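Student: Each chain, written out:
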Amino acid sequence: MAEAITDVQRGFEAALPELVAALGPEHVLTDFFHRAIRTTNASPMGLHLWEKLLPDVVVRPGSTAEVAEVVRIANRHKVPIVARGGGAGLADGATPLKRGIVVDIKRMHAVLEIDEENQTVTVQPGINMQELNKILRPLNLWYPDDPASYPVNAVGGRIGSGGWSLLGAGYGHVPDLVLSMEVVLPTGDVIRVGNGGARKIHKSSTGYRLKDLFLGHQGTLGICTEATLDLAPRPEAELPIFFATESYADSHRIIGALGRSGLRTIAGIFMFDQHKVEFLRRDDEAWIPLPSWVKSAAATILYGTRAEVEAARDVVFEIGGSLGGKYMGTEICEGDWASRHDRYHLAYHGRANGQIKLMSWSCEDAAINYSALPKVTREWHRIAADLVAKHPEHFDDWGMFTYTNGPFRAWGDYLTEIDIGVNELEMTEEIWRDWVQAKVDIARISVRAGGSVSAAHGGQREGEVDVSCYEELAEGQFDLMKSIKRMLDPNNIMNPGKYNLDEAYPGGES
Amino acid sequence: MSPQLSLKPFYTQRVEGTTIPDPIVKDCYAVFACRHKFCREVCPVYQDDRDEAHTSYGFHSSLLAVSKGMGTVGDLRESITNCLECGACELRCPNTLFAGDFYGSSTTTVDLVRKVRRDLVAEEIGFERYEEIVSYIDRFLGYFTGPEEELTRWAEGLEIPRSGESILFVDYFNAFETTDVPRKAARILQAAGADFGILARPGATLGELLDISLETFVEHARHNVAQLEAAGAKRVIMINPHDYTYFTRDYTAHLGELPFEVVYITDVLAELLEEGKLPFTGETARGLLGKVSYHDPCTLNKICGINASPRKLVASLPGVDFVDVSPVAQWSYCCGKGNASFKKLHPDKSYKIGAKRLQAAADIGAQQLVVACPHCQDQLTDVSSRAGVPVSPVHILTLVAQAMGLDA
Ligand SMILES: Cc1cc2nc3c(=O)[nH]c(=O)nc-3n(C[C@@H](O)[C@@H](O)[C@H](O)COP(=O)(O)OP(=O)(O)OC[C@H]3O[C@@H](n4cnc5c(N)ncnc54)[C@H](O)[C@@H]3O)c2cc1C
Ligand code: SF4
Ligand code: SF4
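The listed protein sequences correspond, in order, to chains A and B. When you line the first sequence up against the numbering used here, it's residues 24 to 533, in that order. When you line the second sequence up against the numbering used here, it's residues 8 to 415, in that order.
Extracted from the complex, chain B is given alone in its bound form:
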């Protein structure tokens, strides 16, 4: 399992009234005290708007200023939307980088941002454009209460059991918006001879809920864990890295240790590759055009530290001309969609951040940019069609499936 940044219980409790509780003041101060602002320079939002209010330093210091009576949390309703929840600043902060383990003191900007957004909603102040998030959540929660067979329609014809020691966890975004991703994952696992099942009725794993309603998020978390246990899961394979962070970071924070192992699909496939169970026939590498680079999804790379297995898979594809950018250099990149709500809150900034990411790939001569996340695929496909940058995004599972001669 990936290393986790420290989880601070005070970011999950609601702040009532105007006083900021002492542990939060101290936590904000630990960031303010440094003021080196390394966090600022690595932040993809700051790189676009160059406004230091929209950085880890900015958010922590703003809240510290609230605690000193200079303003209210309500005054942050617009600025607090300017965060992708990408985690770059957490890693770049010396509190994390140099002594996070030593003092158990890593900086947790994402938790702080979510908390402030939630508190604003609870106070009925809300934040800029938060209604968009609410209606998106409503649409997705509708799937949960809708007909059960709809939730697994993506798997039609694949004959996957509804239980097993290994469960492929398919979230609603994959199930309804990027259906080819779970289908390819399933086809690849089947072709590799892996036994696995899926849940008949998975709950919602919406990160947007962490910005709006923690209670609903945890309710669905409980449902998912119970369903997985009931299905006999010992190992849960994730195909959405956002979900991977929710399971490994947030579920454990709220529900304690999980009764099963949680793994990401690229780790599973890299393992199968090593065992010789992923036959790349070579003749099917037709999806590869020119130079190929890999985009680290923020969630996988910055929040969970998974960056080796996707590279291993890409580098092993037959005929690939792979130009890599190191995972550390990619701390300052983001596809622009953000961990949950960002694109819906700031479509323009989201587009510019995505276009910049594609341009960075073009600058190193890449024609294709491999992604390992359905949201990155969705976002970069959207951006590339508008931006005119000659780089096309392609999902890693598409390439693996093609290399194995599988058609979805």
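So here's chain A without its partners, still in its complex pose:
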């Protein structure tokens, strides 16, 4: 083990001057703070682990050629390399586990081509989606990938995590919206993958579907340096409709009925469980005054032409009202929808024994079939309750959201997430182990319910990763992943340690 570290260090020392020669000293950053702030993504890590995870260097390439050169240097010297986009992922994908080089791609943020006729845009991966849509707006075009983290993600990070969009039921998710891309492979070779070999085609039967391999690999197979994305016309009308309900069961019935309604204007359906409503009542001015019978909420967002949305609205009101939902009023509907990208988490949300305690937000997401949602919800909260009972100063159950998960459809399966406050500042190794075990238990419940460990973020954080690889992907998929990884990345330089893929290499068996 000690020898392996020495090898990496030696490799790094040889690589450093080559990196400086390739990018210029101003884009090769070794100061501690440059490395420290780029160690984290948006999920809790326990500050006791921070220093151990610092990369050796941060580089900021400005072109595909520079990325390829950096990768070739890393490959030659067998130095780990981790791509970083917005750094707002929730699967620790951008956190280097084995030091090495962090490739911050945010300088590459150009829009290379807007094809108005065929409704596509070609961009560099460091562009952020809000930035992109600002440019597209005057053309009445829209890139409809709409995660709650919309203002802060980079397109490259969305690709690396194979992201999920709040509007996926209407407009598709990242894997549907990326038409083709350029990828620098771990050897430094540059390839293009798409639907077949075309750049702007949505469906092809030519060749293997290799594009999918490069969506959601968490930076383990390559670095995307250019992507061609599908654009939608800006919809004429937008209408969020929220219903307050007396119980989880009522909300669950409403979202099921809305999903099966056949309305094509539905771009997403979601619900808040009882814990989430209680959590919002802590400090959210819109939710505090709601009457005490409100225990849950079910909601939908409609997009389309004005005529379509108006017609759909009547159907939605009929379904919601007949199943016990009370319309929450325009103000809260529009306000809540408008703030979907903004509010998420504050450290001050945390409570320990009724007192404010600074905590960070952990979001455990999974893809679960409609019928299994109530059971999964109950079991997840039980795990959270046990954890809070054991460590009341360190964890806090912030409730659950559930959203439609399938692309271009509002039925079938749902992304569900449990939000848990984690006191990172006072974390100890012993408590961290209990946390990791809780994540294992949460992931296991998803798989046993016939679901998938992650719908949006990636199933590779400590704990859940074992359930992903050894339980969910057990029927030959994990073995095939290892073969592919070894083939594309002979020296295991790309984001090593992720998805247990070290097992693909001699000496890496767990």
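No lab work stands behind these hints, which were simulated from the structure alone. A couple of the hints might just be wrong.
[Claimed, not checked] Just so you have them, the derived chain B footprint on chain A, three or more residues with Cβ under 8 Å:
#	segment
1	122-134
2	289-302
3	456-468
[Stated by the list, open to error] To list a few chain B residues with every Cβ distance to chain A over 10 Å, as calculated:
#	residue
4	Ala-37
5	Cys-41
6	Glu-59
7	Val-225
8	Arg-242
9	Leu-296
10	Asn-314
[As the list claims (entries may be wrong)] A few chain B residues facing chain A, derived, Cβ under 8 Å:
#	residue
11	Thr-19
12	Met-77
13	Gly-78
14	Ala-106
15	Ala-277
All values reported here derive from a predicted model rather than from experimental measurement. Cβ atoms here follow ideal geometry from the backbone N, Cα and C, with glycine treated the same way.
Assemble chain B with the ligands onto chain A, guided by the hints.
Tutor: The following block gives chain B with the ligands in isolation, referenced to the frame of chain A:
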């Protein structure tokens, strides 16, 4: 008075040695804990250099990393210069936006940046190019110790008394570098029939001091408050929005509640307009060419929340074709000069941020960009002469004076 972001006493105390005090660790953690990085995307510096070290997230997390022993404050001597002190990140942070009032927990990046710079100076480490700031401060402090009549030379011939219930507070930048601004303010107020005076010997209001020496800043603050009280001020009219933030945020933090009201000139003029005391004759709208937009000074808009009165004035100018950009959309804009030291520390970035601001105005078809701050005027005039963007900056007081038929 404007709403204020929370003021945290621990950012005014000096950190001795290498240990970061616990309240600062917690405050930095409250930003680090989020890691959503909304602050990053709204930051004008980040938009130029795309380096997340130069953002609220970057500064707070760097200091948190120092507290964990990963480095020293001295290592931040270069990165800490990359902040305009514009306040955008403070507003965009969910800690401020969603629960700042509820928990009294707003994010205060500007105070943190100033504190780190000051501590570096106190430790004799300094920060990159800080000597430039020191010599600028020395030049301006020279005015204070120089002949008294120089401080009010800008007002020559206007016959303004040196006392009054309303005092027009004229800082050194306006008095010496943009003399036409205070002159126009005075002429407009006189024409509107307002009674006001000025101070015979105002003290320095240099924001640069907040980056270098808090003691000197507070010394001058005391002097100003005492002078204003002695002059009988019940209401102090500011014509430099930077000063407005110092008075309302920093003076109150250090000296407690002020014994007078502090108002910004655009609020005063909008009030006079409403009362029918600003006669816009119409024939003098010759300063207006084509479409006109308004630039929110960071200090006024982001730090003090004043953005309605300047728009009201611009929209009321005779013959104006006003294309507006909302104050929230302008959180990510800055003229590039920064609240105090930035332009002197980073002339190149400052220029690029300013050119981008002018280009944004050009993109919406504006030919003139109205400013309400002498620093914005100075900076954008400088940038427009170099950038070749066909947008010219013009001070709001110039337009109001012209509309009233006043020549300075
Ligand atoms: C408040 C909040 C809400 C969220 N809501 C959602 C949501 O609704 N839906 C959702 O899907 N996710 C959500 N997330 C998680 C979300 O941020 C990620 O899924 C997102 O895709 C990460 O993008 P990023 O640019 O921040 O990537 P990073 O965190 O920088 O990286 C993510 C992964 O992609 C890899 N990567 C980065 N750039 C490249 C590249 N150029 N080529 C190859 N790989 C690369 C990284 O190595 C890493 O493994 C949320 C996060 C937050 C903080
Ligand atoms: S105050 Fe302005 S320049 Fe400084 S970090 Fe915040 S947004 Fe950026
Ligand atoms: S300053 Fe605010 S938005 Fe930025 S990372 Fe921090 S808490 Fe988040």
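Student: Can you tell me if the segment 456-468 of chain A counts as covered by chain B, using C-beta to C-beta distances under 8 Å and a minimum of three residues?
Tutor: Our answer is that it is violated, as 0 residues pass the Cβ test (under 8 Å) against chain B, missing three.
Student: Holds or violated: the hint that Ala-277/B contacts chain A, with Cβ atoms closer than 8 Å.
Tutor: violated, 29 Å
Student: Determine whether the non-interface label on Ala-37/B survives the test: each CB of chain A must be over 10 Å from its CB.
Tutor: Ala-37/B is in fact no farther than 10 Å from some Cβ atom of chain A, at 4 Å.
Student: Can we confirm that no CB of chain A comes within 10 Å of the CB of Leu-296/B?
Tutor: holds, 24 Å
Student: Per the stated criterion, does the least C-beta distance between Cys-41/B and chain A lie above 10 Å, as a non-interface residue requires?
Tutor: violated, 6 Å
Student: Is the claim that Glu-59/B lies outside the interface with chain A correct, judged by CB distances over 10 Å?
Tutor: The claim breaks: Glu-59/B does not keep its Cβ more than 10 Å from every Cβ of chain A (closest is about 6 Å).
Student: Classify the label on Arg-242/B as holds or violated, using whether its beta-carbon is more than 10 Å from each beta-carbon of chain A.
Tutor: holds, 34 Å
Student: For the hint on Met-77/B, does the least C-beta distance to chain A fall short of 8 Å?
Tutor: holds, 5 Å
Student: Does Gly-78/B hold up as a contact with chain A if the rule is Cβ-Cβ below 8 Å?
Tutor: holds, 4 Å
Student: Given a cut of 8 Å on the nearest C-beta pair, is the interface hint for Ala-106/B held or broken against chain A?
Tutor: holds, 5 Å
Student: Taking the closest Cβ pair, is Thr-19/B under 8 Å from chain A?
Tutor: violated, 22 Å
Student: Just checking, Val-225/B versus chain A, shortest CB gap more than 10 Å?
Tutor: holds, 30 Å
Against the hints set out earlier in the document, violations occur for numbers 2, 3, 4, 5, 6, 11 and 15.
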